[in-house]
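K.L.:
First to last, the protein sequences are chains A and B. So the first sequence is numbered by full-length UniProt numbering: it starts at 1 and just counts up by one. So the second sequence is numbered by full-length UniProt numbering: it starts at 1 and just counts up by one.
Everything hinted at is true.
Repeated chains share a single entry, so a pair holds when one copy, or any two copies, can fit it.
With a straight-line cut-off of 27 Å between C-alpha atoms, the simulated DSSO-like cross-links for lysine-lysine are:
1) Lys-31 to Lys-84
2) Lys-119 to Lys-220
3) Lys-117 to Lys-3
4) Lys-196 to Lys-146
5) Lys-146 to Lys-31
6) Lys-143 to Lys-196
7) Lys-220 to Lys-196
8) Lys-220 to Lys-117
Everything labelled a hint here was simulated from the structure, so no lab data went into it.
2 protein chains.
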Amino acid sequence: MVKVVIIGSGNVAQHLIAAFQNGPNSGTEIKLVQVYSRQIATVSHLVELDKITNEWESLMEADLYIIAVSDDAISLVAAALPFKNRLVVHTSGSVPLNALNDENRKGVFYPLQTFTKNKPVDFTTIPICLESENATDFQLLSKVAKSISDSIFAINSQQRKALHVAAVFVNNFTNHLYQIGEEICQEHQVPFGILKPLITETANKIMVLSPQDAQTGPAKRNDTVTIEAHQAFLSNENHLNIYNILTQSIQHNGKKL
Amino acid sequence: MVKVVIIGSGNVAQHLIAAFQNGPNSGTEIKLVQVYSRQIATVSHLVELDKITNEWESLMEADLYIIAVSDDAISLVAAALPFKNRLVVHTSGSVPLNALNDENRKGVFYPLQTFTKNKPVDFTTIPICLESENATDFQLLSKVAKSISDSIFAINSQQRKALHVAAVFVNNFTNHLYQIGEEICQEHQVPFGILKPLITETANKIMVLSPQDAQTGPAKRNDTVTIEAHQAFLSNENHLNIYNILTQSIQHNGKKL
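Sequences and hints are given; from them, build the entire structure.
P.N.:
So, in structure tokens, the structure goes:
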């Protein structure tokens, strides 16, 4: 049996705790033996009280320690661990493997998803990107990851950096475009909800088509009449600026300008 | 019984034809009596041959004529119609009501969705934005729209313009961000598929949260360390340019700059 300790109590930590508690092999092959949380109460709805600690000295022996805290706290947490030569991983997309210190064996266990508090996710579909220093540790990470997800990838720190930047485009920036859509609707007294089926279908479409093949719209078909009408319509300078840059980028079809 | 004629054979026309053929009230309350298509063969898989014509003079008498053609062909088609005082609507988000001529009663029947050839959509969830010159025509449009969709809105030409621009942001531009995500993955030998569950969840999230509440990421939390690392990582000038502008826009939280 593989014993796992999760350190952290934020969004990612909470979703991981729930996934390990509910996983199909939970308690048999893989066991979440302890959670470290500065505030016990933050995770007490997810795991039995006797499995929660807020003292480094009380950390149990385990095969894997998953540090699921904010990026800038990872090194501090790694330095606080009162043991050596164990497998310690973090869950961040943007922090290199080497941010962990040399006292323990390093690894990364990065679930590539956006987690919302109180909104359950189906963890089995979430890609988990794994990295380790040696093959034995990779096997163990892989076994643990497979107990909660069907989608496991070996991703080195450079590739993970690329994925993290790409994720900013398809998640953070896409959501910001949703917000601009909402602002334009509000300005003209149209319910934003009218756009929601379109938003869903836009995401669904690239499950069957490449983004390049899925591209439509005035920029794609060089419809200058419509583009100029939109430019004249946009009263918000920031919206117009973003409209122009993305329109140009589509017209140049992603080539370097 | 309301008799409907569809003029056009492109993506929107084909999805409308299929929706009217398969609608719950199809053939009883609402009946698609004819389709006009320059090439008979383009729509012959969707509707019986004797219902298809490619001659203006053969257009049957009907209660509603839906012009589903490209934006710049709408006026030409409207001018070619060999009758007067009937209800004629177009399906465009960006063309004003007045692009239709004065020979007939004008209206708009705009299904707000992105249509992909050969990819069926559930028409009942697609918002249809209606506009007409008088209440009687609006009632008829409403009855026809309700026969294929559960989501009907009265939207005037100015509001429709706003919706169309907003749709460019949440559909065309969002899809372009997906493409940039794919380009970054390809450059670093990472399969783009890893990002697909994130793309799906990004769209799902705003079904329960406002885009403003759903916003996460380095720009939102003013994480300059990560932002600078991303800027240094992006080798494509166009990607970097878009990264900077959207990051700034999130940091200013959509306010005018």
